[in-house]
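The lines below spell out each chain.
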Amino acid sequence: MRSSIAILMRLAVLVFVGLVMVSAVEAADRDKLLSEPGVYGTFAAYSLDADWVKQDQPARIAQLTTLKGVVEQHREKLAIDIYLLRGLSDHADVLFRVHATELRETQQFLLDLQGSLFGKHLIGSTIFSGLTKKLNYVPGMPDNLKAELKIPGEPGPKPYVIVIPIRKDADWWSLPQEQRSAMMQEHTEAALPYSKTVKRKLYHATGLDDLDFITYFETSRLEDFQSLILALEKVKEFRHNRRFGHPTLLGTVRSLDEIIEVLAQ
Amino acid sequence: MRSSIAILMRLAVLVFVGLVMVSAVEAADRDKLLSEPGVYGTFAAYSLDADWVKQDQPARIAQLTTLKGVVEQHREKLAIDIYLLRGLSDHADVLFRVHATELRETQQFLLDLQGSLFGKHLIGSTIFSGLTKKLNYVPGMPDNLKAELKIPGEPGPKPYVIVIPIRKDADWWSLPQEQRSAMMQEHTEAALPYSKTVKRKLYHATGLDDLDFITYFETSRLEDFQSLILALEKVKEFRHNRRFGHPTLLGTVRSLDEIIEVLAQ
Amino acid sequence: MRSSIAILMRLAVLVFVGLVMVSAVEAADRDKLLSEPGVYGTFAAYSLDADWVKQDQPARIAQLTTLKGVVEQHREKLAIDIYLLRGLSDHADVLFRVHATELRETQQFLLDLQGSLFGKHLIGSTIFSGLTKKLNYVPGMPDNLKAELKIPGEPGPKPYVIVIPIRKDADWWSLPQEQRSAMMQEHTEAALPYSKTVKRKLYHATGLDDLDFITYFETSRLEDFQSLILALEKVKEFRHNRRFGHPTLLGTVRSLDEIIEVLAQ
Amino acid sequence: MRSSIAILMRLAVLVFVGLVMVSAVEAADRDKLLSEPGVYGTFAAYSLDADWVKQDQPARIAQLTTLKGVVEQHREKLAIDIYLLRGLSDHADVLFRVHATELRETQQFLLDLQGSLFGKHLIGSTIFSGLTKKLNYVPGMPDNLKAELKIPGEPGPKPYVIVIPIRKDADWWSLPQEQRSAMMQEHTEAALPYSKTVKRKLYHATGLDDLDFITYFETSRLEDFQSLILALEKVKEFRHNRRFGHPTLLGTVRSLDEIIEVLAQ
Amino acid sequence: MRSSIAILMRLAVLVFVGLVMVSAVEAADRDKLLSEPGVYGTFAAYSLDADWVKQDQPARIAQLTTLKGVVEQHREKLAIDIYLLRGLSDHADVLFRVHATELRETQQFLLDLQGSLFGKHLIGSTIFSGLTKKLNYVPGMPDNLKAELKIPGEPGPKPYVIVIPIRKDADWWSLPQEQRSAMMQEHTEAALPYSKTVKRKLYHATGLDDLDFITYFETSRLEDFQSLILALEKVKEFRHNRRFGHPTLLGTVRSLDEIIEVLAQ
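Residue numbers (our numbering), protein chains in the order written: chain A, 1 to 265; chain G, 1 to 265; chain X, 1 to 265; chain P, 1 to 265; chain Z, 1 to 265.
Bound-form chain A, shown alone (with noise of 0.2 Å):
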């Protein structure tokens, strides 16, 4: 019974938000703004505040209306993606990760965002930024590890979401550069195994937050994922983290339709 009421419930939330109109505008190159170098990611964690569960469903609809409306207006420029922490994280309900050329694009989104209806039950947890750069290959990186490094990984969904954000100790930025190098490497390929299963991404943060680095993946097979940070952190580079996590977001990738209708119920 339960999941039949489940059905109706998600036809009816989808009904009332599809009203919204959606401008025929391009969407932004996602596809470029997640892969190329250069582009800044920031990633802001909201909770909903005690009202927001007092209030009746068809006033929390109208509300997520709003939240879809803002999420399409800014999609000519920024490749928006949300998350649901609620239930594995206690540092936040929603996670958005939004990448921009500029930053100044994505602080209007989430201006755009606290300002809208829904926005206004938000209470802001975290928020950190970081730039995508090159991949710099360490000089001397055998070319099969490069070559493994360049296999694409299993398709297929990856529900689940994992960001930890690390921070180097003093004696790391101080080190000659070979020997970074060097660790480096042997970072690369303690990961190497789990690079097929779990899906990383690279956020350089230094100078934006109290943060080094942002570390993002996504996988279908956390004990993989679990796997791949206790080889991380068997390597001398670990060693050098002053910070690893703290806090680390868990949640799963959930399409906009998705949150929606979980934040309706």
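A few of these clues could be false.
No copy labels: a pair is met if it fits in one copy or bridges any two.
[Claimed, not checked] As a list, the in silico DSBU-like pairs of lysine-lysine whose alpha-carbon atoms are at most 30 Å apart:
#, residue 1, residue 2
1, Lys150, Lys199
2, Lys236, Lys133
3, Lys32, Lys54
4, Lys120, Lys234
5, Lys201, Lys54
No lab work stands behind these hints, which were simulated from the structure alone.
Start from chain A and add chains G, X, P and Z according to the hints.
Relative to chain A, chains G, X, P and Z alone:
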């Protein structure tokens, strides 16, 4: 007189809440979830908001009925345990321990819980998850030690529960495997005298939160539990704990009906 | 004039609250609970919420009556002491110290307290528990030292109370027993000159919270107490405190009736 | 125009608040309390709650009248100073410094303050206490240094106040007395050039809070104060500060009437 | 369509707020305050409370008018800059940077700000102050380095602002002056390549807060800013930072009218 009022109250609460329709579904294979490797255990602690106690009793009972409903609804796939922290721990009022083969199922349960009429009064305080693994006997561990570890603990209720999250330092992970094994054997031997009166369960949390392990204890003899921890603090492995507790969660094991009774009053 | 108003107020409060029916049960053997080993001591500190002071006095008095009722009801099994922190400590307003042979009894008391009309205004700020143990004389401790330790302190009221939680570092626990004993003898000798004016009580907290010890002090001479702590900071054992205080709770010893009077105003 | 409005406002506030009856009691021997050893100094910082500014001015003035009343009432036994932190410190809005020979008297004052109509809007943010001690000249300190220390500072108002709590590390306390004395002499010499424009006062806090010292500064020349702290950071003794500040409280010295005027607006 | 609505909105807001009477006083000599030594710079960051967004737009505009009034009123003595943090920083929504020759003037401005109708919605999140000092060329610094430092940066708007508080460790201050000078020269040389696109300003905070320095950056090229910080992390001096950031404040430079427009929506 107090106890007769308590009995009346108890009856009243159970009658009201007992009216919840429980679907005739099979409960999850609880024993398997609680004993096998490859199962995710999630610890979710909540406080009740300030409005909870300000409601009259019938309102609270009606809401507790939805708690019972949500738990029943997910019994098919999950093993759900519930503990009372209030009065022994300043971190939260109730603690849920949920075992699942897929973390997404646990997330769905907690989403439904927080979305229920009862859940609207819950303030999430802490949530962390870990994976059970096959007991990895230290190579070279004496057979008599292995045999002793398999002797089941004393039967009977173990009313107290303690949950201690642990994070190892970077040195630990960079040690050669044999050294870690030797230290773990010392750890195991130190713990052995308490295995009959203190039940332990270990979860591997690396990467899922800012932790490496979650240790769960049940006992009827807190004094033995304290001696166990003291014994563990004296072995070398303890020096590699960067975090031990913080928070340490202390509470009592309760049935769902007992929790409902306590919260209804 | 101020004092005559105060006296009138005092009378009014005591008359109202005095109407509480006290069951004719025997009070717990308070002396035994406060002096014997194997007893759990719980320190529970609460702040009053913002609504408390906004109520009129009759409402507050009615609620304080329920505080008195709950305390009386549990006197059979527990030794309950109460302290006023407000005005001396920024952590909480009132502190309860509860002694019990079973921690479950303490939990039931605090559940009843928080569930009472008065308790609805309490915000739990900190709670930790420890176990009393038999005084473990250091082997080889000179007999005259042992004798001096047994001389009872000066009689008379000791209005000030200080509670300091302590966590030892990992080095401490890995030291051989003789070294720890030698350090504890030095510690004991340093404390001796203050044993007459500063009453101490020690609780073993390992595993029950993020602590190893809870030290409780009563004195009428805070200057002596400060000298005692300074003396203890100078011995080697002090270097093994990873945490000392944080929080340090400072307050005054009050009877239940005095607390009621202060909070009624 | 702004200043004429301000003058009118000032008059209005002073007239209203001036109506408070001040008992004809003798004020405490303020000079003695502020200069003699064996006196407890308590620093209690409060923020005003969100409701405070939402009241109309007559309501605020009526409540400020009760602040004045409580202060007057305790002037017999206590020396009470008040500072404005708002606008310079993010920790609190107002700071009280209370000197008393018995800490219980200070507690009673703060209880009365928090219980007053004005106090219902105060949110306690930080409170710590220390004891004044006789200046313990380092043995062997040159006479000319001692003489210089006795030269009184420049007269005139010193509008700025800074309070810095300090905790020494365990190494400090385990040093032999002569080494600590030598370091303190170096400290004293470094501070000497600033003794004319920066007034200092030291409180011994060990055991009363998570501190060892509270240092209080008054100056009209913040630049000199900064130079003084820089000079102190360069001496060896500074390396034994485990905590220095955190919080550092910065504000301006105000009369009770000025505080009332500021808060009434 | 979105932009035309935005333009209309902008006009409406500016018309309303433009009605504020601006006294014909001379603005403070902004250039002097921003360039000379001996000036206090205060960074005050605020969040807007939950009620702010719940008001209708006319109410918000009326309140923003008071913000404009307070800023105008203090322009005579202070240089006031304002930044938008919301959407880029989780610490606060707006940041004020205030330059004054006397910190009391800054306090008066912030008191007036918080006392205004707009200010009643501000929640103070962080405030720290520092003093500008004459650039102290390292003795022996090569003349060409000095010359390069004097070349003005590229003209044009620098939309991004970053504020990083710094605390040095005790070792730093105990180093001989020549060693610190040598390290600072290395620091200066590392920073030189970025001086054209990243504008820096340094404030000395020792004693005024739990900091030693406040570094302020403006840039249109965040990537250059990140490279600058990476370069600074590689010099020896960086190892003496006990705290670097925490919080790091990231936002965009805005005119008062732009801030008003954003907050009115």
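We went through each hint and held it up to the structure:
1. Taking the shortest alpha-carbon separations for lysine 150 and lysine 199, only the intra-copy value of 12 Å comes in at or below 30 Å, while the best inter-copy value is 40 Å.
2. Proximity of lysine 236 and lysine 133 under a CA criterion of 30 Å is satisfied in both settings, with 23 Å inside one chain copy and 26 Å between copies.
3. In the homo-oligomer, the alpha carbons of lysine 32 and lysine 54 never lie at most 30 Å apart, since the shortest distance is 41 Å inside one protomer and 38 Å across protomers.
4. In this assembly of identical chains, lysine 120 and lysine 234 lie within 30 Å of each other by CA distance neither inside one copy nor across copies; the values are 44 Å within and 43 Å between.
5. For a Cα distance limit of 30 Å, the shortest separation of lysine 201 from lysine 54 qualifies neither inside one copy, at 38 Å, nor across copies, at 38 Å.
In terms of the numbered hints stated before, the structure departs from hints 3, 4 and 5, listed from lowest to highest.
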